[in-house]
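A.B. asks: Taken in order, these protein sequences are the chains called X and B. Read in order, the letters of the first sequence correspond to residues 1 to 149 in the numbering used here. Read in order, the letters of the second sequence correspond to residues 1 to 334 in the numbering used here.
Because the hints were derived from the structure by calculation, they are not lab data. Please read all numbers here as calculations on a predicted model, not as lab measurements. A few of these clues could be false.
[Claimed, not checked] In silico DSSO-like links for lysine-lysine, alpha-carbon gap of 27 Å or less:
#1 K257/B to K148/X
#2 K145/X to K10/X
#3 K111/X to K302/B
[What the hints assert, rightly or not] Residues from chain B that keep clear of chain X, each with C-beta distances beyond 10 Å, as calculated:
#4 F29
#5 S110
#6 Q126
#7 D140
#8 V180
#9 T284
#10 Q305
#11 L327
For glycine and all other residues, C-beta sits at the position ideal for the given N, C-alpha and C.
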Amino acid sequence: MTSTMQRSHKEIKNTNPKIIMFLCRWCSGKGADLAGTSRLQYPPNVLPIMVNCSSRIDPQLVIEAFLEGADGVLITGCHLGDCHYKTGNYKAYKRMTILSKLLEQIGVNPKRFRLEWISATEAAKFAKITTEMVEDLKYLEPYRKGGKR
Amino acid sequence: MAKLKTAIVLGATCAGCDVAILDLNEKIFEVDDLCEFVFWPTAMDFKIDDLLALEDGEVDIGIYHGAIRTSEDLEMAEILRKKAKVVVAFGACANFGGIPSLDNLPYDQSLFDLVYEQVPSMDNPQGTVPLEIIELKSGDELTLPKMLKDAGALNSVIDVDYYVPGCPPMVPLIEKVVDVLKKFSETGTLPPKGTVIAGEGTLCEECGREKPEQISYHAFFSPQETKKIDPDKCLIPQGIICMGPATRSGCGALCTKMNVGCRGCMGPTVKVKDHGLKMISALTSLLEVDTEEGMTEEQLEKIVQRIPDPLGTFYRFTYGSSLISKLHSDKEDK
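Bound conformation, chain X alone:
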């Protein structure tokens, strides 16, 4: 309650943030499917891209998404230990940890880039995280397409 009270004092700077969401085929993708079939409410601002494994996501894809005008990038995968390919999500975790540190050095707000684990049964978590991230990004300026200048 207090957080919504505090938020209402801040002005909304971006009514319609765009989020590129990468889902792994085996857990997060199934979780998103379940959210759909269970008719859970979640914002339409997320553009899902399904890939076979979270470790398939090259850091370059994240940067290109930002340069193409995404306001945020959300990467989801199986929980540690649950990966369909055994250790793909460990690699994704290490990779994205350094990438988020790099983005922080450049001055990109950490709210714009998130890594989350969503299993095939966690439809509610899927809805919660997407809603949360869209809400967060509404209070940031739209991210400039094409970057600097």
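With the hints as your guide, set chain B onto chain X.
C.D. replies: Below, chain B without anything else, positioned relative to chain X:
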């Protein structure tokens, strides 16, 4: 056979590239036979008027080293393009922006504040900073070139014909350049425009260290932190950050021969768009690869945090022309 008229122009540079040319040893006589220097301020007494006095297109080979940092660098680059038939970007700064381009980061403070006030070794009670124009008592004005907003590579401002990377370009590379010049003066043929005069593959191909079947490492070290480095085995499994897997070959693996990890001064290979991101991708997937299963997030994070400055580590020479340098900072919005 007429000598090739050669001009060597400097931008924001440490002049290490000039020294590298002089490092050619006896091959320098061949350079002397081939080239007539019409402009090279580091080596001989030349002024900008000497370059301006030449006709357009009169210079056969124009070599530019250093980044585009000030309005003077930009002006010199444009003059060189006009006067020279062929322009060569020489060294990491002219190729990718180099170390000067690390200043393009959207820091909270400006470079001037940092250098002239906040550096701990700086004693500047009056807050003196270089000014663009200063008026003397006599009424005359003294001027200094203007700092551009961003430091950039040479091809961000003029058309560049050939690229010679390296910080500085190593002797084997400069020998290659001399051979290209020799062929040009004998037959009049040049390689296709846009050629990078260096190797094609990655550094790993010419580094003689033995690579194991499976590369895995458990921590990052600085070379001075480890007691013993095996001189025959790949550096990465020994925990030393080496940019070799994503870096262009051609330098002769000078650094890795001396137990020092590659720092990436040759820039990315032709297939790589962003040097640092590819290196992050490669290095992190090798970290703890044989034991990662069953580790917790905290354990993994602890190891990754051993790289204190990913930007300085992975983009030491290529930040100015990288993909991530195009991202804008949220701090600018305020």
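A.B. asks: Now tell me, hint by hint, if it's right for this structure.
C.D. replies: We went through each hint and held it up to the structure:
| no. | hint | in the structure |
| --- | --- | --- |
| 1 | K257/B to K148/X | violated, 39 Å |
| 2 | K145/X to K10/X | holds, 24 Å |
| 3 | K111/X to K302/B | holds, 22 Å |
| 4 | F29 | holds, 46 Å |
| 5 | S110 | holds, 14 Å |
| 6 | Q126 | holds, 31 Å |
| 7 | D140 | holds, 37 Å |
| 8 | V180 | holds, 33 Å |
| 9 | T284 | violated, 4 Å |
| 10 | Q305 | violated, 8 Å |
| 11 | L327 | violated, 5 Å |
In terms of the numbered hints stated before, the structure departs from hints 1, 9, 10 and 11, listed from lowest to highest.
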